[in-house]
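K.L.:
In case you want the letters, here they are:
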Amino acid sequence: MAKDVDRRIVADMKAAGIGFVTSVPCKQLAGVIEVLDETPEIMHVPCNREDEGMGLCAGAYMGGRMPCIVMQNTALGVVVNALATLIQFYQIPLPMLISYRGEVGEKVACQVEMALHTKPILNQLHIPTYHFHRPGDEAELPGILNHAWVSSKPVAILTDASFWSAAK
Amino acid sequence: MNRYELLKSIVPVLGDTLVVCNIGAPSQELFQLADRPGNFYMLGTMGLASSIGLGLALAQPRPVLAIDGDGSVLTNLGTLATIANNPARNFVLLIVDNGSYGSTGDQPTYAGKRTSLAEVARACGCADVVECSAEATAGEVEAALAREGTSVIVAKCEAGNVDVPVITMNPVVIRQRFMDEVRRA
Ligand SMILES: [Mg+2]
Numbered sequence: 654m655a656k657d658v659d660r661r662i663v664a665d666m667k668a669a670g671i672g673f674v675t676s677v678p679c680k681q682l683a684g685v686i687e688v689l690d691e692t693p694e695i696m697h698v699p700c701n702r703e704d705e706g707m708g709l710c711a712g713a714y715m716g717g718r719m720p721c722i723v724m725q726n727t728a729l730g731v732v733v734n735a736l737a738t739l740i741q742f743y744q745i746p747l748p749m750l751i752s753y754r755g756e757v758g759e760k761v762a763c764q765v766e767m768a769l770h771t772k773p774i775l776n777q778l779h780i781p782t783y784h785f786h787r788p789g790d791e792a793e794l795p796g797i798l799n800h801a802w803v804s805s806k807p808v809a810i811l812t813d814a815s816f817w818s819a820a821k
Numbered sequence: 012m013n014r015y016e017l018l019k020s021i022v023p024v025l026g027d028t029l030v031v032c033n034i035g036a037p038s039q040e041l042f043q044l045a046d047r048p049g050n051f052y053m054l055g056t057m058g059l060a061s062s063i064g065l066g067l068a069l070a071q072p073r074p075v076l077a078i079d080g081d082g083s084v085l086t087n088l089g090t091l092a093t094i095a096n097n098p099a100r101n102f103v104l105l106i107v108d109n110g111s112y113g114s115t116g117d118q119p120t121y122a123g124k125r126t127s128l129a130e131v132a133r134a135c136g137c138a139d140v141v142e143c144s145a146e147a148t149a150g151e152v153e154a155a156l157a158r159e160g161t162s163v164i165v166a167k168c169e170a171g172n173v174d175v176p177v178i179t180m181n182p183v184v185i186r187q188r189f190m191d192e193v194r195r196a
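Chains as they are written, first to last, in this note's numbering: chain S, 654 to 821; chain L, 12 to 196.
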């Protein structure tokens, strides 16, 4: 069941001109995905794997729709090559709304393993990275989305369990 | 007929079609045969030509042809399910199936053995799937581009590359030139 925070996030995407979203689901992102499917201005095309999703986003961008990918941080292990040789090499703007699993509050021990690698991978790839930890941090989203367009870069928005559990 | 000859045969039917071309030998051969602003060459990222093509087709109205390979589709098989479940009105996926990883020394792929990519595409739910010979490919591409919908063409051809240089055009130039062409309407 979507919360107000999910609606505000999707409203910010719409206001930023995002017209194409691909996603691989995560429990923490279920509300955002639910609202996306109720938002006719944004074409939502679920993908099977996040590197495939980055291909879809690159095509949508070249077709004139601002893209966004919604994914879990574990998938950073899947998309390094697509980020480096497609999104960065061709200078394609791509906001990545990422559930940051494995942080404090995580119930699934295995998720901690990729949480440890999440920021190092993003740092290694020189991807501007923002971290929503407390409710209210989402107020930065419009500026971050604009930053992706201005810089023609992928940008990562990490959203952790503390953020999602406290956000209304 | 090998891939180079197959690509040469489809150049005359491309018209204004936007083309997304697979990494390695296919892009290099197409660049040599018929470079045009409406060609997007992949310089890296094996497997994503069909995904880029689908995203492009869904985002704008002009016809899109993605030229992919059997090895590349095998590395991103989920793409056939995404294509089937998000049908575009203007998309043709041409899988040049030479049963080999052409750009890496012609090692055999499973598509040249027991796996039928046409049957996989049908099982994924793609409605309009045809498998054809290399010689029949240009006709199939021309017909698919002329009708509304999404088509998958699996073109069986012989393995082998011709000696063409790598593409040295800057990736951002390739992308911007292509986007200017997309907007030209
Ligand atoms: Mg091949």
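There may be inaccurate statements among the hints.
[To be verified] Calculated Cβ distances over 10 angstroms to all of chain L for the following chain S residues:
| id | residue |
| --- | --- |
| 1 | THR692 |
| 2 | ASP704 |
| 3 | PRO720 |
[Claimed, not checked] Output of the computed footprint for chain S on chain L, the stretches with three or more beta carbons under 8 angstroms from beta carbons of chain S:
| id | segment |
| --- | --- |
| 4 | 65-79 |
| 5 | 84-97 |
| 6 | 137-146 |
| 7 | 160-168 |
These are computed hints drawn from the structure, not numbers from a lab.
For every residue, glycine included, the Cβ atom is placed at its ideal position computed from N, Cα and C.
K.L.:
Hint by hint, where does the structure go against what was stated? Just the numbers, ascending.
P.N.:
Result: hints 2, 3, 6, 7 break, sorted rising.
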